[in-house]
Amino acid sequence: MDLFSHSWTVLRTAVAELPDEDFARPSGCTGWLVRDLVCHLVIDAQDVLITLVTPAHTEPTRDAVTYWDVAQTPPTGDDPLDALTVRLAAAYEEPRLLKFHLDDVGSAAGRAAELTDLGLRVGTRGEVLTAGDYLSAYVLEWTLHHLDLVAYLPDAADPPAEGLIRSREMLEQIAGTGFPASFSDQDALLIGTGRRAPTDTEKAELGELAAKLPLVLG
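Each residue of the sequence shown is one higher than the one before, counting from -11 in this note's numbering.
Rather than coming from a laboratory, the hints here were simulated on the basis of the structure. All of these numbers come straight from a predicted model, not from anything done at the bench. Even for Gly, the Cβ is constructed at its ideal location relative to N, Cα and C. Among the hints, erroneous ones may be present.
[To be verified] What follows is a list of derived Cβ distance ranges for each label pair:
hint, residue 1, residue 2, range
1, 89, 192, 41 to 47 Å
2, 31, -6, 29 to 35 Å
3, 8, 200, 37 to 43 Å
4, 59, 191, 29 to 35 Å
5, 31, 187, 19 to 25 Å
6, 165, 8, 41 to 47 Å
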C-alpha cells in the first residue's frame, strides 16, 4: 500500500511540475503525446476508484502478477480506445485543466486506496482480486507510465527507486525468469515491455529470454 501511494504521488507530482510546452512533446507510449498520457492517467485514476467500490464475493481469480494480460505485439496507437484518449486530451486545450483534473481525480484515488481494506475482494475486467493485489499491480502501471512520461523529458523527475525495483520483480515473475544482473531496473523494464529495443550486446546477455520479448502488458 505504501509503495502504491508513493509511486502514484511521485508520478502526479512529476506531471504537476511540467511546464506547459512539455505537454506537446512525445511520450514513451507509441502515438501519444505527453498530454495524451496524462489523460490516460486520469482514466487510470477513475478505474482505481471504480474498482475499489466494486466488491466481489467469489474467490480471487488473479493476483498482482497474473492481473496482466500479456501479448507480444506492441500497440500501434491505432486502437479505438487509444484514439479516444487522444481526442479527450485535445479537448482540454490548456495543460492547466488537465493538471487540475489529474490532481482532483488522482488525489481521490489515492485517498480511496489508503482507506481500503486490503483483504477486500474486488472485481475488475471480469476478474476478482484482493484490493491489496490490485493496488500492487498498479505499482507496475504507475512505474511504466512514469517512464513513458519522462522518455523525452530529461529534466523531469524519474520514478522512485523502490517502484522500479518492485516493478522489475513483478515483470520477472511474469517472464518466468530474471533479467541479466547487468541491466538496470529501468532498462529491464524498458526492454522487457518493448519500450526500447535491446542493443546487440544486451540481446546476447538476454539469451533465451530475448525470444519471449517484448512482454506487452494490458
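Taking the hints in turn, this is what the structure says about them:
Look at residue 89 against residue 192: about 45 Å separates their beta carbons, and that is inside 41 to 47 Å. As the Cβ distance of residue 31 to residue -6 is approximately 21 Å, the hint placing it in 29 to 35 Å is violated. Between residue 8 and residue 200 the Cβ separation comes to about 40 Å, which falls inside the hinted range of 37 to 43 Å. The beta-carbon spacing between residue 59 and residue 191, approximately 20 Å, falls outside the hinted interval of 29 to 35 Å.
Between residue 31 and residue 187 the beta carbon distance is about 34 Å. The supplied range of 19 to 25 Å is therefore violated. Look at residue 165 against residue 8: about 43 Å separates their beta carbons, and that is inside 41 to 47 Å.
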